[in-house]
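Engineer: Next come the chains, spelled out residue by residue.
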Amino acid sequence: EAAVTQSPRSKVAVTGGKVTLSCHQTNNHDYMYWYRQDTGHGLRLIHYSYVADSTEKGDIPDGYKASRPSQENFSLILELASLSQTAVYFCASRGLSQNTLYFGAGTRLSVL
Amino acid sequence: GQQVQQSPASLVLQEGENAELQCNFSTSLNSMQWFYQRPEGSLVSLFYNPSGTKQSGRLTSTTVIKERRSSLHISSSQITDSGTYLCAMERNSGTYQRFGTGTKLQVVP
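Protein chains in written order, with the working numbering: chain A, 1 to 112; chain B, 1001 to 1109.
Chain A on its own, in the form it takes in the complex (with noise of 0.2 Å):
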């Protein structure tokens, strides 16, 4: 069973504040992903990479970076948070030849 983990699974934040979101996966997978869950819109994809040291924008990366320092590990950074970035954040990861996504349990952001 594919394993994504995400940390922390909470947070509460000020406005203005820095935030980092970690998410590590341990099934060697090439793709990973970063959505935003909200009411009434589904997730939505914000910054993806399929490779290390390489990062993609997805439908709504402002105001947010991605890192992807290791295959393994995946960060997203809000630099300055603000109140409409709270949500819930999932992390997931895909195998280059594979089509099913793994989720990490999501980190639940709240900015104030």
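FYI, nobody ran anything at the bench for these hints, they're computed from the structure.
Among the hints, erroneous ones may be present.
[As the list claims (entries may be wrong)] FRET-style restraints, in silico, Cβ to Cβ:
1) B/Arg1069 - A/Pro61: 28 to 38 Å
2) A/Asn73 - B/Ser1076: 35 to 45 Å
3) A/Thr20 - B/Ser1076: 43 to 53 Å
4) B/Ser1082 - A/Pro69: 31 to 41 Å
5) A/Arg108 - B/Gln1078: 25 to 35 Å
6) A/Pro61 - B/Arg1068: 23 to 33 Å
7) A/Ser10 - B/Ala1009: 36 to 46 Å
8) A/Glu56 - B/Glu1015: 37 to 47 Å
9) B/Lys1054 - A/Gly95: 15 to 25 Å
10) A/Glu79 - B/Arg1058: 38 to 48 Å
11) B/Pro1039 - A/Lys11: 17 to 27 Å
12) A/Glu56 - B/Arg1068: 24 to 34 Å
13) B/Arg1038 - A/Lys11: 16 to 26 Å
[As the list claims (entries may be wrong)] Residues from chain B shown here face chain A by an in silico Cβ test under 8 Å; the list is partial:
14) Ser1031
15) Tyr1036
16) Gly1041
17) Thr1095
18) Phe1099
19) Gly1100
20) Gly1102
21) Gln1106
[Unchecked claim] Below, in silico cross-link-like pairs of lysine to any residue (SDA-like), each with a Cα-Cα straight-line distance of 20 Å or less:
22) A/Lys57 - B/Glu1040
23) B/Lys1104 - A/Val88
24) A/Lys18 - A/Leu83
25) A/Lys11 - B/Glu1040
26) B/Lys1054 - A/Asn99
27) B/Lys1066 - B/Gln1005
28) A/Lys11 - A/Lys57
29) B/Lys1104 - A/Ala87
Every residue, glycine too, gets a C-beta built ideally from N, C-alpha and C.
Go by the hints and put chain B onto chain A.
Structural biologist: Only chain B this time, still in chain A's reference frame:
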């Protein structure tokens, strides 16, 4: 605009009833995948179904590419089927998936 649309947005079933969930997409696609989100939030993959029909237990997925739609049929619903069902479309480039807004299902006794 929204490229993946799901219907209905919510559904209440009596235990034992069947349900048909729909997913429509507005662009050409490479594949379609269905996910189940548990009430507590975790996500699991149900089907990868680029075309045709696939069945797993009481669940059946049918994707018709020419008609740009996919459906998920749940037969003999159980209380434990409650949760949100999400479809995700992968475009031709095959690098990432776009999700629909989900169907929230509640099965009651």
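Engineer: Decide, hint by hint, whether the structure agrees.
Structural biologist: Now the hints, each set against the structure:
no.: 1; hint: B/Arg1069 - A/Pro61: 28 to 38 Å; result: holds, 29 Å
no.: 2; hint: A/Asn73 - B/Ser1076: 35 to 45 Å; result: holds, 43 Å
no.: 3; hint: A/Thr20 - B/Ser1076: 43 to 53 Å; result: holds, 45 Å
no.: 4; hint: B/Ser1082 - A/Pro69: 31 to 41 Å; result: holds, 39 Å
no.: 5; hint: A/Arg108 - B/Gln1078: 25 to 35 Å; result: holds, 28 Å
no.: 6; hint: A/Pro61 - B/Arg1068: 23 to 33 Å; result: holds, 27 Å
no.: 7; hint: A/Ser10 - B/Ala1009: 36 to 46 Å; result: violated, 27 Å
no.: 8; hint: A/Glu56 - B/Glu1015: 37 to 47 Å; result: holds, 44 Å
no.: 9; hint: B/Lys1054 - A/Gly95: 15 to 25 Å; result: holds, 20 Å
no.: 10; hint: A/Glu79 - B/Arg1058: 38 to 48 Å; result: holds, 47 Å
no.: 11; hint: B/Pro1039 - A/Lys11: 17 to 27 Å; result: holds, 22 Å
no.: 12; hint: A/Glu56 - B/Arg1068: 24 to 34 Å; result: holds, 26 Å
no.: 13; hint: B/Arg1038 - A/Lys11: 16 to 26 Å; result: holds, 21 Å
no.: 14; hint: Ser1031; result: holds, 6 Å
no.: 15; hint: Tyr1036; result: violated, 11 Å
no.: 16; hint: Gly1041; result: holds, 5 Å
no.: 17; hint: Thr1095; result: holds, 7 Å
no.: 18; hint: Phe1099; result: holds, 4 Å
no.: 19; hint: Gly1100; result: holds, 6 Å
no.: 20; hint: Gly1102; result: holds, 5 Å
no.: 21; hint: Gln1106; result: violated, 16 Å
no.: 22; hint: A/Lys57 - B/Glu1040; result: violated, 29 Å
no.: 23; hint: B/Lys1104 - A/Val88; result: holds, 17 Å
no.: 24; hint: A/Lys18 - A/Leu83; result: holds, 13 Å
no.: 25; hint: A/Lys11 - B/Glu1040; result: holds, 17 Å
no.: 26; hint: B/Lys1054 - A/Asn99; result: holds, 15 Å
no.: 27; hint: B/Lys1066 - B/Gln1005; result: holds, 16 Å
no.: 28; hint: A/Lys11 - A/Lys57; result: violated, 24 Å
no.: 29; hint: B/Lys1104 - A/Ala87; result: holds, 18 Å
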